[in-house]
Amino acid sequence: VVHGLGLSIGTAAGWNADYVHILDMLHQYQPFFWHSEHLGFLLATTSDGRPLHAGVQLPLPFTEEALDVVTPRATALAARYGVPFLLENTTYYLPGLLADGGRDEVAFLNDLTERSGCGLLLDLYNWHCNAVNFGFDALEALSRLRLDRVVEIHVAGGTTHDGFLMDVHSDVVPEAVWVLLEWVVPRAPHLAGIVYELLDYALPIVGAAGIRRQLERLSSIWEHTQTVAHSGGKYGTA
Amino acid sequence: MALRELQTALGTIIATHAPDLSRRAAQRAWLGTLDLTEAERTWLRQLLNTPGMRLTCTIQRWWRQMRLQQTVRLTLAALPPARRLQVVQAYIATVPCTSLFFIPEAQQFLDFALHTVAGVPHLDAIARFEHALLCAREAEDTSVHTPPDVTALLPSQALHPHQAAALISFSAPPEQLLHALLQGIPVPAPDNHAYAVLVTPRLPHYWRPVTPDEARLFMACQAPTTVERLRTVVEHPAQPLQALIDAGALCVAP
Numbered sequence: 001v002v003h004g005l006g007l008s009i010g011t012a013a014g015w016n017a018d019y020v021h022i023l024d025m026l027h028q029y030q031p032f033f034w035h036s037e038h039l040g041f042l043l044a045t046t047s048d049g050r051p052l053h054a055g056v057q058l059p060l061p062f063t064e065e066a067l068d069v070v071t072p073r074a075t076a077l078a079a080r081y082g083v084p085f086l087l088e089n090t091t092y093y094l095p096g097l098l099a100d101g102g103r104d105e106v107a108f109l110n111d112l113t114e115r116s117g118c119g120l121l122l123d124l125y126n127w128h129c130n131a132v133n134f135g136f137d138a139l140e141a142l143s144r145l146r147l148d149r150v151v152e153i154h155v156a157g158g159t160t161h162d163g164f165l166m167d168v169h170s171d172v173v174p175e176a177v178w179v180l181l182e183w184v185v186p187r188a189p190h191l192a193g194i195v196y197e198l199l200d201y202a203l204p205i206v207g208a209a210g211i212r213r214q215l216e217r218l219s220s221i222w223e224h225t226q227t228v229a230h231s232g233g234k235y236g237t238a
Numbered sequence: 001m002a003l004r005e006l007q008t009a010l011g012t013i014i015a016t017h018a019p020d021l022s023r024r025a026a027q028r029a030w031l032g033t034l035d036l037t038e039a040e041r042t043w044l045r046q047l048l049n050t051p052g053m054r055l056t057c058t059i060q061r062w063w064r065q066m067r068l069q070q071t072v073r074l075t076l077a078a079l080p081p082a083r084r085l086q087v088v089q090a091y092i093a094t095v096p097c098t099s100l101f102f103i104p105e106a107q108q109f110l111d112f113a114l115h116t117v118a119g120v121p122h123l124d125a126i127a128r129f130e131h132a133l134l135c136a137r138e139a140e141d142t143s144v145h146t147p148p149d150v151t152a153l154l155p156s157q158a159l160h161p162h163q164a165a166a167l168i169s170f171s172a173p174p175e176q177l178l179h180a181l182l183q184g185i186p187v188p189a190p191d192n193h194a195y196a197v198l199v200t201p202r203l204p205h206y207w208r209p210v211t212p213d214e215a216r217l218f219m220a221c222q223a224p225t226t227v228e229r230l231r232t233v234v235e236h237p238a239q240p241l242q243a244l245i246d247a248g249a250l251c252v253a254p
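Here the protein sequences line up with chains C and H, keeping their order. Be aware that the first sequence starts at 1, since it is given in the working numbering, and climbs by one per residue. Be aware that the second sequence starts at 1, since it is given in the working numbering, and climbs by one per residue.
Hint data in this document are derived by calculation from the structure and do not stem from the laboratory. Note that beta-carbon positions come from the ideal geometry of N, C-alpha and C, so glycine has one too. There could be a bad hint or two in this list.
To be verified - Facing chain H, according to a computed beta carbon distance under 10 Å, are these residues of chain C, among others:
1) Glu88
2) Leu97
3) Tyr196
As the list claims (entries may be wrong) - Not close to chain C: a few residues of chain H, all C-beta gaps over 10 Å, as computed:
4) Trp63
5) Thr94
6) Pro96
7) Ser143
8) Pro254
Only chain H is shown next, with the shape it has when bound in the complex (with noise of 0.2 Å):
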């Protein structure tokens, strides 16, 4: 008996079940392509049509719904409660379960719905925020920071962002947005000003709002540059530059 045969079936029975009778008949058929003992193959297709088998393949949801629910909390409030459950179940049908860890599973989430959920105020920001939340506290380092002094940099210099940072953009003021959304409370309307705030592994939970100047000089970091670039980009840069080093947003290449 080939063990690795019958876990490729199992596993992907598990992966893809469906509980309309069209899949399942698929599912038998596929069955017949597969090495397996005529044992092993009867009692497949036995299991497709148990209680057990039905149970086993809810646990599995259950579980990535739960993974979801504690690690993408504003993003599922963000969207209509209308919609959270349709949104769920249709990223667990259509992307597959790579990794028991949360984060994981909340970035996959999270990708699916910003390329899927439409029509939603504040979502794109929300689901942007919050990935690169976990992304920073994946990436939190908690070793002394000694943070180079601007001054005493060369202006050949280059300076890259951190790999676990990042600029959200927001079109109400943050504050009052995730206030409302950990509140449930009706979310501040879209206005036109951009709120930029900065994520980042060493800032305390993980993100705070930039000045305008700030913003401009983290962006212009995202294509490799110099110190003395920099000093174009702004007319002071000193401070705001300074600033996002401290707060681990940007690096000094060695």
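Bound-form chain C, shown alone (with noise of 0.2 Å):
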């Protein structure tokens, strides 16, 4: 599978024409069952209209224009390869997101998946940070989540800094996001996959044997739920 950082595909002016096009060659010479990107944006324009990199991924606002910016493209994308294309979650460190009608992230996701027809790859440990970092319920938020579209999961552990925990992938997975992953691989009907992500810098903070454990403890929980819920559902496993 495919996973990707540099598409900003949520930029209004236009997401990266030539990340795409390294999508497309990389299609060519390996296929892939299905890829994704993040939900957010890199790139914008100047006032005078010049190309400007922001540096690090920037959210969208929950609104209607987002929605209208991002939905084609994702179908778009999708149609493409001819494969699902997932979307996911990320985490942001700025308040107040601008938003309309009373939509928050779950909304705004469940709103972006329902229309455009993508997957959503749901990361655990950027839900988790969003719920400490701003101070909303996880798991209330993760109830009104259409769990349905998550194709794939993301855990991860990392540091706090100024007061915020940070999507950094420095450390084992902590245990409120195990919580989490317990309470959505039962009620994920299509998850194919769930991916430990680590920075090759922290390998040696978390160690051969820590990595050990927090596959093995993966691999108990998607076992345990392939023998009472469901196999993968329609994408297979991975």
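The task is to assemble the complex, starting from two chains supplied on their own in separate frames and drawing on the hints.
Put into structure tokens, the structure is as follows:
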């Protein structure tokens, strides 16, 4: 499977066409079962129309206009490669994101997956970070999410900086995220893969034994669910 | 609401965010010139002072710094320890981010270092060498390469350098210098000799020392030239020319 960071699918002025070109080449070289991107934007234009790269994934407002930008692109990407396209929820640190119609992140994700037909790459560590940083109940929010759209799950661990829990993939999965995972997996009928994310520089921090423990626990949750609930849904398993 | 304007504002704030209050005041004033709703303008102005905005800007700088630490190790090692962070911070503050990819960021940094850092022994050659290595890596072609036989070339045939090939001149033995940089031990002092190395996508590890004849031939090919013309550059061109073609440094025009 392919997981991208540079598409900038939410840029109103146009996504990263060079990145799509790379995806095209990759798909010709090695077809993939599904591909995914982060929901947000990196590219913008300056006031005088020059390209601007934020250098960091920025969140979209939870608005109809943002949905209008992303929805047709998500649909088009799935059609372009003939495989499911997933969008990943991100961690953000900017307070009070603009919204219309009382829409929050959950409602935005539900509207997006419903309208575009795309799947969801549910990053439970990002979900947990946002819940901690902005003070909402992660489980309550998950209970409102369209879990039938979840195809892949990411888990990770990170650090706290300046009062924020950060998405840096530098540690073992915190217990609160395991709780979320155990709750979600049996309720996500099309779930086809779970990934433990760890940056290479953090390998010595977690260690081989630590990584093995994370993977064994993931397998245990997955296998338990396989026997009692479902078998990877319509995408099979990865 | 114009999402495009909102993204212009947010992207510009992140890209140019400065901790000093005078710059923030300027940013607040600048927001007044954009085609935003009052709610958007208010939100953006409030954001400027939030810990979340500070962290977002910091994360951008961390990632850029991390990309450099992984890609320009030799050049960073060539800088005196007390200046490393200073140069990186000056680069990040001066040169906007243009990509999340490692190599474009590294190449931008090396250009910056070449133009702004003076008085550091070997830095110029190391930065050029590392830049050439990155170009060679980007241009690597794993297809089967059947180099032409020099003796079969017509005198009128044109030769040109591969776009990712470079000749770098060091002022100390390159193996000793690179070893010292990688081991963090004192580097050899510059001497009066020129130690030339060839960098190309086809070489193992992308580089090797060159002979004086190879260096002369390669330099002669920087301008449009022919096989016949190269025969006047060195006394016995066949072997060094073949070596340069075999290494992928020179290409024969069709």
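Here is how each hint holds up against the structure:
Given hint, Glu88/C at the interface with chain H, is violated; its Cβ is 15 Å from that chain's nearest Cβ, farther than 10 Å. A hinted interface residue such as Leu97/C counts as satisfied when its beta carbon comes closer than 10 Å to some beta carbon of chain H; here the least separation is about 8 Å, so the hint holds. Interface hint status for Tyr196/C: violated, as the beta-carbon distance to the closest one in chain H is roughly 20 Å, over 10 Å. At the 10 Å boundary, the C-beta of Trp63/H falls inside the reach of chain C, the nearest C-beta of that chain being 7 Å off.
Every CB of chain C lies more than 10 Å from the CB of Thr94/H, the least distance being 14 Å, so the non-interface label holds. Not every Cβ of chain C is farther than 10 Å from the Cβ of Pro96/H; the closest lies at roughly 7 Å, contradicting the non-interface assignment. Even its closest Cβ contact with chain C, about 13 Å, leaves Ser143/H beyond 10 Å, as expected for a residue assigned away from the interface. With a least CB separation of 25 Å from chain C, Pro254/H remains clear of the 10 Å interface cut-off, as annotated.
Hint compliance for this structure: hints 1, 3, 4 and 6 are broken, all remaining hints hold.
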